[in-house]
Amino acid sequence: MNDIFYKLTVSHFLILAAVLFAIGTIGVLMRRNALIVMMSIELMMNAANLTVLAFARYHGGTAGLEGHSLAFIVIAVAAAEAAVGLAIVVAVFRTRRHADIDRLNLLKN
Amino acid sequence: MKQATLLWIPALPLIGAAFNLLFGRFLSRRTVHLVAVAAVAAAFFYAAYLIGGPLWELFKAWRADKAEVMGGLYQNAYTWIEVGSFKVELALRLDTLSAVMVLVITFVGALIHIYSTGYMAEEPRYAAYFGYLNLFTGAMLILVLGNNLPVMFIGWEGVGLCSYLLIGFWFTEEAYAYAGRKAFVVNRIGDFGFILGICLLFYATGTLDFFSPNPDQPSLMSESSIAAYRETFFGGERLALFAGLLLFVGAIGKSAQIPLYVWLPDAMAGPTPVSALIHAATMVTAGVYMVARMSFLYAHSTTAMAIVAGVGALTALFAAIMAFAQTDLKKVLAYSTVSQLGFMFVGVGVGAYTAGIFHLMTHAFFKAGLFLAAGSVMHAMSGSGDITKMGGLRKLLPQTHATFLVYCLAIAGIVPFAGFFSKDEILVGAFGTDAEGWFPMYGKVLWIVLSLAALGTAFYMFRLYFLVFGGENRSDPETRAHIHESPLSMTGPLIVLAIGTCVVGFLGLPHLSFIQKHVPNFLEEWLQPSLVDFGRASLEGSIHEAHANDVGLMTLMGIALGIGVVGILLASALYGRGPSAAVGRFTAGAGAEIYRLAKNKFYVDELYDKIIVRPFRWIALGVFEVIDRFLIDWVLVEGSAFVVDIFGRIARWFQNGQVQRYMVGLVLGGALILYFATRPKADFDWEQVDTMTVQFEADVGKGPGSDGAQVTFDFDDDGAPDFTATWKKGDPPVVTTWSFSRAGDHDVSMTLTDAVFKKKATVEKTVSLEEAPAAQQAATAASVEKAATTDESGTRQPVETGGGQ
Chain A
1 MNDIFYKLTV SHFLILAAVL FAIGTIGVLM RRNALIVMMS IELMMNAANL TVLAFARYHG
61 GTAGLEGHSL AFIVIAVAAA EAAVGLAIVV AVFRTRRHAD IDRLNLLKN
Chain B
110 MKQATLLWIP ALPLIGAAFN LLFGRFLSRR TVHLVAVAAV AAAFFYAAYL IGGPLWELFK
170 AWRADKAEVM GGLYQNAYTW IEVGSFKVEL ALRLDTLSAV MVLVITFVGA LIHIYSTGYM
230 AEEPRYAAYF GYLNLFTGAM LILVLGNNLP VMFIGWEGVG LCSYLLIGFW FTEEAYAYAG
290 RKAFVVNRIG DFGFILGICL LFYATGTLDF FSPNPDQPSL MSESSIAAYR ETFFGGERLA
350 LFAGLLLFVG AIGKSAQIPL YVWLPDAMAG PTPVSALIHA ATMVTAGVYM VARMSFLYAH
410 STTAMAIVAG VGALTALFAA IMAFAQTDLK KVLAYSTVSQ LGFMFVGVGV GAYTAGIFHL
470 MTHAFFKAGL FLAAGSVMHA MSGSGDITKM GGLRKLLPQT HATFLVYCLA IAGIVPFAGF
530 FSKDEILVGA FGTDAEGWFP MYGKVLWIVL SLAALGTAFY MFRLYFLVFG GENRSDPETR
590 AHIHESPLSM TGPLIVLAIG TCVVGFLGLP HLSFIQKHVP NFLEEWLQPS LVDFGRASLE
650 GSIHEAHAND VGLMTLMGIA LGIGVVGILL ASALYGRGPS AAVGRFTAGA GAEIYRLAKN
710 KFYVDELYDK IIVRPFRWIA LGVFEVIDRF LIDWVLVEGS AFVVDIFGRI ARWFQNGQVQ
770 RYMVGLVLGG ALILYFATRP KADFDWEQVD TMTVQFEADV GKGPGSDGAQ VTFDFDDDGA
830 PDFTATWKKG DPPVVTTWSF SRAGDHDVSM TLTDAVFKKK ATVEKTVSLE EAPAAQQAAT
890 AASVEKAATT DESGTRQPVE TGGGQ
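Chains as they are written, first to last, in the working numbering: chain A, 1 to 109; chain B, 110 to 914.
Just to be clear, a hint being listed does not mean it is correct.
[As the list claims (entries may be wrong)] Here are some chain B residues pointing at chain A (derived, C-beta under 7 Å): (1) Gly766; (2) Gln767; (3) Gln769; (4) Met772; (5) Val773.
Note that these hints are calculated values from the structure, not bench results. All residues carry an ideal CB built from backbone N, CA and C; glycine is no exception.
Produce the complete structure using the sequences and hints provided.
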């Protein structure tokens, strides 16, 4: 019954990833500052990355490195996304003097 | 049967029409009418060449050996429709019957084209007029040359279209446009019957060709078709009756017979040469031509022929009465045309086809002449056709007067003008015919009705003649000052037609033996190969009987001539010096009522308006309001826009530009998909395998949660599991059996716990056990009783459990 405190299983990683993902999602949905939203997205990506790595270890042991390589791809994509996203945020800030997502509603109608 | 390039006959006027309608407006009047007249004249000369040359050769061959079938000249221009066994070729055929029609159409047509150059000289839409006139001629030629009903129908509709265009030629006058529309609509009613007749014939015979050049290919005239006409249909009458009557409905519309004659008097709204060509000489005779062309069909139903003749005779008399009281020159002639068409229908209806076609031919000459002369009179009278304002034109319009008198004598049936010969043939035919299945003396009744109509004809025509040309001039001084004889382009055709009126009658001399011995009735012999008919012995025989008796014939001719003379004398007495006092007394006193009726055309137009036009308008209005306004405009058009609008308004709430709210939708959607995709689905089947035993098979689904899913059954509805099993991938389906203690309905539930999320799904079903079969009933009764005694609480005990625990 108390195994959960003494044995590290894949479930621990998955629970952590789920918590991180939930925090990220809530951040994306609720924060107003575009910069924080960007960071929350990063958090979600890392949560996904964590599940990928956990499963990679759980199923493949050390033999297959597909999971690990996928994690690197995700990191690369996340870096690219961060670069583009930050550039957009900076551009928006320059023209509007703010980065408040609630006020960026040009998609309306 | 011989091949010939017949296509040129209708093609020449059609080319002329295309030329004038497309380019005529840019060209001078001279060019326009030269092209138009040349097109028709060329068609006439070409047709005359074909008839005088190759067709004459065939006719001579046929005369030498009458047993041979004479097909005439034939051309298959084009295969129009070919669908399975249904094949329609654009086939034309020139036989002796269509030869008569072609000559009349092109000859009279050419004269009327020439006349139009004078009559329509001031017309601004000169090219359109000649284009339509040429188009009409082409369509009419297709009608008479077509070798099958569909091709005939092209012409039939084509002439109807041209009639509409030309009646409403001066469409800026609302009444004229209305007259054109009326003609078109009334003709549509007839055409509907015509189409049904075509469909019925095709249904019955599988072919629509009048004549087949290939003996193996069936036609409407071949033995198999004849057998079909004689078959009874709808229980009792022959097919020939139904097909014949449906086609005759078309003829009634086109040839203005009761009850569809109403359009023809109104059709006088068109230019007078149009009335002469279309509404007197050619188009309106299409119905008569059709009946003669289909003689092989009508010959097989004496009832159909009796109806054709009866309608014709009634129309002849009825129209003649209406003509008495008309005061418009062209209206009198219009009713006269209706009446004369009735004569023709009696002719073809009693089986005297030659007489009907003969009258058609002579009528084309003198009625076209009458209309052209009327046009000449109206031309002189500044366009007015009111005969009460005319009179005394004899000296002012000498040529018009002389020709008009010839036509009047012809239509009144005075020897030796054409009308005498042809009308007499019809009267003799009616008198002498007594067909099998007819009422006794039906032919004699027709003869009496026609004789009265003939008396009326002579009377109203000479009333017209005396009112226009006799007595003193009654017009106002201004009009009188302008009265002048028409130009040569108009009087020329009048004179040619008058000569024709004097000559054509001799083509069909009476069947008196002393005449026939020297000069046989040429027309009858000429038409004979085209009017081949089968099993018409009764009709044929009786006509020849009448012919054989010279004294009887002479008496009939004498009566006919006497009737004509009496009519003329009566008209002369009453109208010789303008309307006499006696006429005034009659119309004001004793005959006031009948005069009013005749003058108002027996209120037939009003009657049709009340019983047909108005109800139709109401229906149309109702359909417009309910279907068009409500259903289409409101429900479909506005309704669909409304629904889209509602959805748009709802969707707009979501599309507020707040990117985070979009994201909420995305996350919620993803969560919902996850929830539903992982939900386990439980189901089971049951089957009664024994008296009380039921076999259950669990369905664990196909998702990832199925592998290792746990299945629990509760058979006795007590909440506690009665059977539990776990299914793994690769296992056979979970199957178990359960024995119930009694028959009837039992509630059974199954719970499935999926392997991944441990979610539970429960399904409950009612299992109905059938009563035990009769043979086993005795055996099971004891055990049921035992079960009832051992377990009083009512809890059913499991008897057997299968499968693993």
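So, going through the hints one by one against the coordinates:
no., hint, in the structure
1, Gly766, "holds, 3 Å"
2, Gln767, "holds, 6 Å"
3, Gln769, "holds, 5 Å"
4, Met772, "holds, 6 Å"
5, Val773, "holds, 6 Å"
The structure shown violates none of the earlier numbered hints.
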